[in-house]
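Trainee: Sequence:
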Amino acid sequence: IYVLDGLDRNAEDFRHVGSPIEDEIISKLEQCLRGETVLGDDILVKPVFDQGSSVTLGKDWPVWIPPGVWIDAWTGEAVTGPKKITVNSKLWHMPMFVRQGAIIIIGPTVQYSTEKPWNPLTLDVYPPAVGSKVVREVYEDDFKSRKYLGGEFCKTPIAVERTAQGITLAIGPAQGAFD
67 IYVLDGLDRN AEDFRHVGSP IEDEIISKLE QCLRGETVLG DDILVKPVFD
117 QGSSVTLGKD WPVWIPPGVW IDAWTGEAVT GPKKITVNSK LWHMPMFVRQ
167 GAIIIIGPTV QYSTEKPWNP LTLDVYPPAV GSKVVREVYE DDFKSRKYLG
217 GEFCKTPIAV ERTAQGITLA IGPAQGAFD
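Per my numbering, the sequence shown starts with residue 67, numbered consecutively.
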(Lines of atoms letter the chains of each structure in order from A and count residues from 1; the text may use other names and numbers.)
(Lines give C-alpha, C1' and ligand atoms only; values in the text may rest on other atoms or scores of the structure.)
Protein backbone atom coordinates (compact mmCIF):
# COMPACT_ATOMS: atom_id res chain seq x y z
CA ILE A 1 0.00 0.00 0.00
CA TYR A 2 2.87 2.43 0.69
CA VAL A 3 4.11 2.33 -2.88
CA LEU A 4 0.57 2.95 -4.11
CA ASP A 5 0.22 5.81 -1.62
CA GLY A 6 3.43 7.41 -2.88
CA LEU A 7 2.32 7.07 -6.49
CA ASP A 8 -1.15 8.38 -5.57
CA ARG A 9 0.49 11.54 -4.23
CA ASN A 10 2.43 11.91 -7.49
CA ALA A 11 -0.75 11.29 -9.53
CA GLU A 12 -2.63 13.87 -7.49
CA ASP A 13 0.10 16.43 -8.19
CA PHE A 14 -0.38 15.70 -11.87
CA ARG A 15 -4.17 16.18 -11.69
CA HIS A 16 -4.03 19.43 -9.67
CA VAL A 17 -0.75 21.05 -10.65
CA GLY A 18 -0.07 19.58 -14.08
CA SER A 19 3.25 18.05 -13.03
CA PRO A 20 3.70 14.78 -14.97
CA ILE A 21 4.19 11.73 -12.77
CA GLU A 22 7.20 10.72 -14.82
CA ASP A 23 8.92 14.06 -14.12
CA GLU A 24 8.59 13.53 -10.37
CA ILE A 25 9.83 9.95 -10.51
CA ILE A 26 12.72 10.84 -12.84
CA SER A 27 13.65 13.79 -10.62
CA LYS A 28 13.89 11.51 -7.58
CA LEU A 29 15.69 8.75 -9.43
CA GLU A 30 18.29 11.14 -10.86
CA GLN A 31 19.45 11.70 -7.28
CA CYS A 32 20.03 7.96 -6.95
CA LEU A 33 21.56 7.01 -10.30
CA ARG A 34 24.33 5.26 -8.43
CA GLY A 35 22.14 2.15 -8.15
CA GLU A 36 19.72 3.04 -5.36
CA THR A 37 15.96 3.02 -5.84
CA VAL A 38 13.45 5.29 -4.11
CA LEU A 39 9.88 4.25 -3.31
CA GLY A 40 7.66 7.25 -2.73
CA ASP A 41 9.37 10.00 -0.75
CA ASP A 42 10.53 8.00 2.21
CA ILE A 43 12.12 4.65 1.31
CA LEU A 44 15.57 4.14 -0.23
CA VAL A 45 16.63 0.63 -1.28
CA LYS A 46 19.96 -0.58 -2.66
CA PRO A 47 19.40 -3.74 -4.74
CA VAL A 48 22.29 -6.17 -4.24
CA PHE A 49 22.84 -7.46 -7.75
CA ASP A 50 26.07 -7.74 -9.66
CA GLN A 51 26.44 -7.52 -13.41
CA GLY A 52 24.50 -10.37 -14.97
CA SER A 53 21.62 -10.02 -12.45
CA SER A 54 22.93 -12.44 -9.86
CA VAL A 55 22.31 -11.73 -6.18
CA THR A 56 25.54 -11.04 -4.34
CA LEU A 57 25.44 -11.40 -0.55
CA GLY A 58 28.04 -10.73 2.11
CA LYS A 59 29.55 -7.97 -0.02
CA ASP A 60 30.15 -4.32 0.79
CA TRP A 61 27.97 -2.01 -1.32
CA PRO A 62 28.30 1.76 -1.74
CA VAL A 63 25.04 3.56 -0.96
CA TRP A 64 24.43 7.24 -1.64
CA ILE A 65 22.30 8.73 1.15
CA PRO A 66 20.24 11.75 -0.02
CA PRO A 67 20.03 14.94 2.08
CA GLY A 68 18.32 14.55 5.44
CA VAL A 69 18.33 11.95 8.19
CA TRP A 70 17.75 8.35 7.04
CA ILE A 71 17.23 5.37 9.34
CA ASP A 72 18.66 1.94 8.49
CA ALA A 73 15.49 -0.16 8.45
CA TRP A 74 17.32 -3.20 9.85
CA THR A 75 19.55 -1.69 12.54
CA GLY A 76 17.79 1.56 13.47
CA GLU A 77 21.05 3.47 12.95
CA ALA A 78 20.57 7.08 11.78
CA VAL A 79 22.66 8.38 8.88
CA THR A 80 22.72 12.04 7.85
CA GLY A 81 23.13 12.77 4.14
CA PRO A 82 24.09 13.73 1.64
CA LYS A 83 26.98 11.32 1.67
CA LYS A 84 28.14 7.96 0.43
CA ILE A 85 28.39 5.09 2.90
CA THR A 86 29.30 1.41 2.65
CA VAL A 87 26.78 -1.24 3.69
CA ASN A 88 27.26 -5.00 3.85
CA SER A 89 24.45 -7.09 2.36
CA LYS A 90 23.20 -10.09 4.29
CA LEU A 91 21.12 -13.09 3.28
CA TRP A 92 18.09 -11.89 5.25
CA HIS A 93 18.01 -8.31 3.97
CA MET A 94 19.22 -5.85 1.39
CA PRO A 95 20.25 -2.30 2.34
CA MET A 96 17.11 -0.24 3.03
CA PHE A 97 16.77 3.21 4.60
CA VAL A 98 13.68 5.15 5.69
CA ARG A 99 13.57 8.95 5.90
CA GLN A 100 13.22 10.34 9.43
CA GLY A 101 9.62 11.49 9.85
CA ALA A 102 8.19 8.83 7.53
CA ILE A 103 4.83 7.24 8.16
CA ILE A 104 4.80 3.98 6.24
CA ILE A 105 1.27 2.70 5.66
CA ILE A 106 1.18 -1.08 5.37
CA GLY A 107 -1.86 -2.99 4.17
CA PRO A 108 -2.51 -6.69 3.70
CA THR A 109 -0.66 -8.66 1.04
CA VAL A 110 -2.83 -8.71 -2.07
CA GLN A 111 -2.36 -9.76 -5.69
CA TYR A 112 -4.64 -6.97 -6.96
CA SER A 113 -6.32 -4.00 -5.30
CA THR A 114 -9.85 -5.43 -5.03
CA GLU A 115 -8.84 -8.92 -3.86
CA LYS A 116 -9.95 -8.24 -0.28
CA PRO A 117 -10.58 -5.30 2.07
CA TRP A 118 -7.48 -3.30 2.94
CA ASN A 119 -7.74 -3.72 6.66
CA PRO A 120 -6.26 -3.67 9.04
CA LEU A 121 -3.72 -1.03 8.09
CA THR A 122 -0.48 -0.87 10.05
CA LEU A 123 1.47 2.36 10.56
CA ASP A 124 5.23 2.02 10.73
CA VAL A 125 6.27 5.40 12.16
CA TYR A 126 9.78 6.88 12.04
CA PRO A 127 9.31 9.91 14.31
CA PRO A 128 10.48 13.31 13.08
CA ALA A 129 13.10 15.41 14.83
CA VAL A 130 12.18 17.08 18.13
CA GLY A 131 10.05 20.14 17.41
CA SER A 132 8.74 18.73 14.11
CA LYS A 133 5.39 17.48 12.89
CA VAL A 134 4.69 15.28 9.86
CA VAL A 135 1.27 14.79 8.25
CA ARG A 136 0.36 12.09 5.74
CA GLU A 137 -2.97 10.98 4.33
CA VAL A 138 -4.44 7.55 3.75
CA TYR A 139 -6.19 7.72 0.38
CA GLU A 140 -9.15 5.44 -0.38
CA ASP A 141 -11.53 5.03 -3.29
CA ASP A 142 -13.59 2.17 -4.74
CA PHE A 143 -10.49 0.71 -6.50
CA LYS A 144 -12.56 -0.26 -9.52
CA SER A 145 -13.75 2.86 -11.31
CA ARG A 146 -12.61 6.30 -12.34
CA LYS A 147 -15.11 8.00 -10.02
CA TYR A 148 -12.17 9.43 -8.06
CA LEU A 149 -11.69 11.85 -10.96
CA GLY A 150 -15.09 13.31 -10.05
CA GLY A 151 -14.14 13.67 -6.40
CA GLU A 152 -15.38 10.33 -5.08
CA PHE A 153 -12.57 9.42 -2.73
CA CYS A 154 -11.69 9.72 0.92
CA LYS A 155 -8.58 10.92 2.73
CA THR A 156 -7.75 10.31 6.37
CA PRO A 157 -5.03 12.53 7.86
CA ILE A 158 -2.36 10.99 10.09
CA ALA A 159 -0.05 13.30 12.05
CA VAL A 160 3.03 12.54 14.11
CA GLU A 161 4.51 15.27 16.28
CA ARG A 162 7.63 15.03 18.38
CA THR A 163 8.23 17.40 21.29
CA ALA A 164 10.66 17.32 24.18
CA GLN A 165 7.87 15.65 26.19
CA GLY A 166 7.29 12.79 23.75
CA ILE A 167 5.67 11.65 20.52
CA THR A 168 2.00 12.11 19.60
CA LEU A 169 0.20 10.18 16.87
CA ALA A 170 -3.16 11.61 15.78
CA ILE A 171 -5.53 10.07 13.25
CA GLY A 172 -8.11 12.58 12.05
CA PRO A 173 -11.59 11.96 10.69
CA ALA A 174 -11.95 10.75 7.12
CA GLN A 175 -12.65 13.57 4.68
CA GLY A 176 -14.69 12.88 1.56
CA ALA A 177 -16.75 9.90 0.49
CA PHE A 178 -17.13 7.23 -2.18
CA ASP A 179 -19.48 4.36 -2.98
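Hints listed in this document are in silico derivations from the structure and should not be mistaken for laboratory results. Please read these numbers as outputs of a predicted model, since none were measured by experiment. Be careful, since some hints might not be right.
In silico lysine to any residue, SDA-like type, Cα no more than 25 Å apart, as pairs [unchecked claim]:
1. K156 <-> K182
2. K112 <-> P148
3. K150 <-> K221
4. K210 <-> G106
5. K221 <-> I172
6. K156 <-> K199
7. K199 <-> T234
8. K199 <-> A139
9. K221 <-> P186
10. K199 <-> K125
11. K125 <-> H159
12. K112 <-> I137
13. K182 <-> Q241
Trainee: Against this structure, judge whether each hint is valid.
Mentor: The hints, checked one at a time:
Taking the CA atoms of K156 and K182, the gap is near 34 Å; set against the 25 Å cutoff, the hint is violated. Taking the CA atoms of K112 and P148, the gap is near 16 Å; set against the 25 Å cutoff, the hint holds. For the proposed pair K150 and K221, the alpha carbon gap of about 37 Å is over 25 Å, so the pair is violated. Restraint check for K210 and G106: satisfied, since their Cα atoms lie roughly 23 Å apart, inside the 25 Å limit.
Under the criterion of a C-alpha separation no larger than 25 Å, the hint pairing K221 with I172 is consistent with the structure, at around 16 Å. For the suggested pair K156 and K199, the alpha carbons sit about 34 Å apart, so the restraint of at most 25 Å is broken. Between K199 and T234 the CA atoms are separated by roughly 9 Å; this keeps the pair inside 25 Å, and the hint holds. Annotation: proposed proximity of K199 to A139 holds, straight-line Cα distance about 21 Å (limit 25 Å).
Distance restraint check for K221 and P186: the Cα-Cα separation of roughly 16 Å lies within the 25 Å cut-off, and the hinted pair is therefore satisfied. Restraint check for K199 and K125: not satisfied, since their Cα atoms lie roughly 37 Å apart, outside the 25 Å limit. Of the pairs offered as hints, the one joining K125 and H159 holds, with about 12 Å between alpha carbons and a cut-off of 25 Å not exceeded. Taking the CA atoms of K112 and I137, the gap is near 14 Å; set against the 25 Å cutoff, the hint holds.
About 23 Å separates the Cα atoms of K182 and Q241, which keeps this hinted pair within 25 Å; it holds.
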